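Enquirer: Next come the chains, spelled out residue by residue.
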Amino acid sequence: MVQLSLPKNSEIKKGKYFKDKTGSKNLRKVNIYRWDPSTDEGPRIDTYEVDMDNCPSKVLDILNKIKNEIDSTITYRRSCAHGVCGSCAMNMGGKNGLACTTPHAEIEGDIDIYPLPHLKVKKDLIGDLDGLYKQYQSIEPWLKNNSTKETTEIYQSKEDRAKLDGAYECIMCACCSTSCPSYWWNGDKYLGPAVLLQAYRWIIDSRDEERKARLKKVADELKLYRCHTILNCTNACPKGLNPAKAIAEIKKMLATANV
Amino acid sequence: MENRPLSPHIQIYKWHISSLVSISHRITGIINFFAITLICIWFAFMLLGESEYQPIKIFLESFLGKFILIGITWSFSFQMLSEIRHLIMDLGYGFDLQTTKITGLLVIFGSIFLTIVVYIFGRGVI
Numbered sequence: 001m002v003q004l005s006l007p008k009n010s011e012i013k014k015g016k017y018f019k020d021k022t023g024s025k026n027l028r029k030v031n032i033y034r035w036d037p038s039t040d041e042g043p044r045i046d047t048y049e050v051d052m053d054n055c056p057s058k059v060l061d062i063l064n065k066i067k068n069e070i071d072s073t074i075t076y077r078r079s080c081a082h083g084v085c086g087s088c089a090m091n092m093g094g095k096n097g098l099a100c101t102t103p104h105a106e107i108e109g110d111i112d113i114y115p116l117p118h119l120k121v122k123k124d125l126i127g128d129l130d131g132l133y134k135q136y137q138s139i140e141p142w143l144k145n146n147s148t149k150e151t152t153e154i155y156q157s158k159e160d161r162a163k164l165d166g167a168y169e170c171i172m173c174a175c176c177s178t179s180c181p182s183y184w185w186n187g188d189k190y191l192g193p194a195v196l197l198q199a200y201r202w203i204i205d206s207r208d209e210e211r212k213a214r215l216k217k218v219a220d221e222l223k224l225y226r227c228h229t230i231l232n233c234t235n236a237c238p239k240g241l242n243p244a245k246a247i248a249e250i251k252k253m254l255a256t257a258n259v
Numbered sequence: 260m261e262n263r264p265l266s267p268h269i270q271i272y273k274w275h276i277s278s279l280v281s282i283s284h285r286i287t288g289i290i291n292f293f294a295i296t297l298i299c300i301w302f303a304f305m306l307l308g309e310s311e312y313q314p315i316k317i318f319l320e321s322f323l324g325k326f327i328l329i330g331i332t333w334s335f336s337f338q339m340l341s342e343i344r345h346l347i348m349d350l351g352y353g354f355d356l357q358t359t360k361i362t363g364l365l366v367i368f369g370s371i372f373l374t375i376v377v378y379i380f381g382r383g384v385i
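These protein sequence lines map, in sequence, to chains G and Y. Under the working numbering, the first sequence has 85 at position 85, and the numbering climbs by one with no breaks. Under the working numbering, the second sequence has 305 at position 46, and the numbering climbs by one with no breaks.
No lab work stands behind these hints, which were simulated from the structure alone. All values derive from a computational prediction rather than experimental measurement. Glycine included, C-beta positions come from ideal geometry on N, C-alpha and C. Treat each hint with caution, since some may be false.
In silico lysine to aspartate or glutamate, EDC-like type, Cα no more than 16 angstroms apart, as pairs [what the hints assert, rightly or not]: (1) G:Lys-122 x G:Asp-61; (2) G:Lys-13 x G:Glu-41; (3) G:Lys-216 x G:Glu-249; (4) G:Lys-14 x G:Asp-36; (5) G:Lys-19 x G:Glu-69; (6) G:Lys-67 x G:Asp-46; (7) G:Lys-251 x Y:Asp-349; (8) Y:Lys-273 x G:Asp-110; (9) G:Lys-252 x Y:Asp-349; (10) G:Lys-13 x G:Asp-46; (11) G:Lys-29 x G:Asp-61; (12) Y:Lys-273 x G:Glu-49; (13) Y:Lys-273 x G:Glu-106; (14) G:Lys-67 x G:Glu-41; (15) Y:Lys-273 x G:Asp-112; (16) G:Lys-189 x G:Asp-130; (17) G:Lys-21 x G:Asp-51; (18) G:Lys-239 x Y:Asp-349; (19) G:Lys-19 x G:Asp-71.
Label-pair ranges, simulated between beta-carbon atoms [as the list claims (entries may be wrong)]: (20) Y:Ile-375 x G:Arg-44: 45 to 53 angstroms; (21) Y:Ile-343 x G:Lys-13: 41 to 49 angstroms; (22) G:Ala-257 x Y:Tyr-378: 27 to 35 angstroms; (23) G:Ala-257 x Y:Ile-282: 27 to 35 angstroms; (24) Y:Tyr-378 x G:Lys-216: 45 to 53 angstroms; (25) G:Asp-160 x Y:Ile-375: 45 to 53 angstroms; (26) G:Ala-257 x Y:Phe-326: 44 to 52 angstroms; (27) G:Cys-80 x Y:Gly-330: 51 to 59 angstroms; (28) Y:Gln-313 x G:Lys-8: 34 to 42 angstroms; (29) Y:Ile-282 x G:Ala-162: 51 to 59 angstroms; (30) G:Leu-254 x Y:Pro-314: 28 to 36 angstroms; (31) Y:Ile-347 x G:Val-84: 30 to 38 angstroms.
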């Protein structure tokens, strides 16, 4: 259901203010969403003054700097710091992305950092992605081929392999799905751009034999057709992929094929 | 566990051309739904003859009447252009980020342009 306002327990209050102690002249204000499950208080926005003269270029560097030097209680996920693992996906300056690949110079004014939108918050910048992973599981993202023995190599032409470009590179960071208004309102049923891109990836794989069954499975008013080409997903993808186009291709296949 | 807050969504998410065109497409769709009813009423009064039509004529020449007419013209223009954009997308074209920006801007400025064109021809300016 479309719900524009946040529920009562999610209303955000103003939090603490951490004044700069380094005496730096090059300061930026960083507003970070905080919520601590061990207290009864609701979420708040803490503001940090960060010395930019001694801070590398990415948003993740700011977070690390705050955690190391100002406030060790802030919580966020990060791992590879090279845009490969997808752990540090969050909302920065109103747009989803990976903190490790988003330059803070691209954000104008104060830097606002929130968890990925419309998720149940576990702590601070960490959202609960269990629902999305369950949906990912539901499309059975593995090769299904019964006619070939497990020990036999399945050949694929260069052209067929090229079809997977732009689909297999997805790192499942959830930037796209959590940027999608349709996924916000119908996330329990609509599969969302990330999962549909993966569904597409297996539908078009020439080695897979369950193409029809896969198509049939996603051919659903709510699972697939909630996509209204708003294109927040393609705008958000930190890997430059195009989930919206993949969804359009699935719709096209369903419109033209006898499923 | 149950008390977990919901992270902010539409309150914080930045708008861009495609999302603006998409939401406007919906809004103009709803406006057009009511506009067609108004147009039907307008036609009904036309059929009733000159004396019955007089109040409608006065209303349409008032500021509010003109505003509604121009508004409906824009709303229909926008809906039409945006629908064409969606049809092209349904064929699988125009998903490149740069292209979506250009087509989105074409819809926005095209709808204003069409409104002006209809107004100029409708008023018999040229």
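Enquirer: Would you list, in rising numerical order, the hints stated earlier that this structure does not obey?
Expert: Hints 1, 12, 14, 18, 22, 28, 29 and 30 contradicted; others consistent.
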